[in-house]
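Whenever a hint applies, use it, and build me the whole structure from the sequences.
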Amino acid sequence: MSFAEELADARKRNNLTQEDLAEMLNVSRQTISKWERNEGYPEVETLLEIARRLHLSLDQLMHEELSFVSDFESISTIAAEKCRSKLEKISKETLVKACMGTSPTNAKWIAGVFPEIDFEKRFSEIGRIRISEVEDAQKAILAAINDKS
Numbered sequence: 005m006s007f008a009e010e011l012a013d014a015r016k017r018n019n020l021t022q023e024d025l026a027e028m029l030n031v032s033r034q035t036i037s038k039w040e041r042n043e044g045y046p047e048v049e050t051l052l053e054i055a056r057r058l059h060l061s062l063d064q065l066m067h068e069e070l071s072f073v074s075d076f077e078s079i080s081t082i083a084a085e086k087c088r089s090k091l092e093k094i095s096k097e098t099l100v101k102a103c104m105g106t107s108p109t110n111a112k113w114i115a116g117v118f119p120e121i122d123f124e125k126r127f128s129e130i131g132r133i134r135i136s137e138v139e140d141a142q143k144a145i146l147a148a149i150n151d152k153s
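Residue numbers for the sequence shown follow the numbering used here, beginning at 5 and rising by one.
Take the hints with a grain of salt, since some may be wrong.
[Unchecked claim] Label pairs and their computed distance ranges (CB to CB):
#, residue 1, residue 2, range
1, Arg-57, Gly-131, 53 to 63 Å
2, Asn-30, Ser-6, 21 to 31 Å
3, Gly-116, Tyr-45, 14 to 24 Å
[Stated by the list, open to error] Calculated pairs, BS3-like style, for lysine-lysine (alpha carbon to alpha carbon, straight line, at most 25 Å):
#, residue 1, residue 2
4, Lys-90, Lys-112
5, Lys-90, Lys-38
6, Lys-93, Lys-16
7, Lys-38, Lys-112
8, Lys-86, Lys-96
9, Lys-125, Lys-143
10, Lys-96, Lys-112
Keep in mind the hints are simulated off the structure, nothing from the lab. Virtual Cβ for every residue (Gly too), placed ideally from N, Cα, C.
So this is what it looks like as structure tokens:
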């Protein structure tokens, strides 16, 4: 759930109007409305105050925004079921190439997301490739995982 959705839901769960929350935070009701329409974020101090007032952790409040993955080697820490639909947009060849230059843990994770692909067979079909091709494939996977659409 996005920050905007979490904020609106938590505010409603706490039986607060936008005006009530705005008063608590010393901001305008229009500012709360803007945040709930996903048109911006509060400053860090205000974000901490929102979490405290609405009885949320920062992770709960900002989970989707904080889920950005910047390092390909950390993809195996993501729940596979959250990624499959995003990764289905990537060609099988790109998935295989990305695995050719990653850790066994990541290769196993990707193979687990796509059990229908015979990675070993595909590796031998592709043969040797440039490291830049592997890096480009890994960048494509990161872009797909981080795509918020």
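Hints versus structure:
no.	hint	result
1	Arg-57 x Gly-131: 53 to 63 Å	holds, 59 Å
2	Asn-30 x Ser-6: 21 to 31 Å	holds, 24 Å
3	Gly-116 x Tyr-45: 14 to 24 Å	violated, 34 Å
4	Lys-90 x Lys-112	holds, 18 Å
5	Lys-90 x Lys-38	violated, 28 Å
6	Lys-93 x Lys-16	violated, 36 Å
7	Lys-38 x Lys-112	violated, 42 Å
8	Lys-86 x Lys-96	holds, 18 Å
9	Lys-125 x Lys-143	holds, 23 Å
10	Lys-96 x Lys-112	holds, 15 Å
Comparing the model with each numbered hint stated earlier shows that hints 3, 5, 6 and 7 do not hold.
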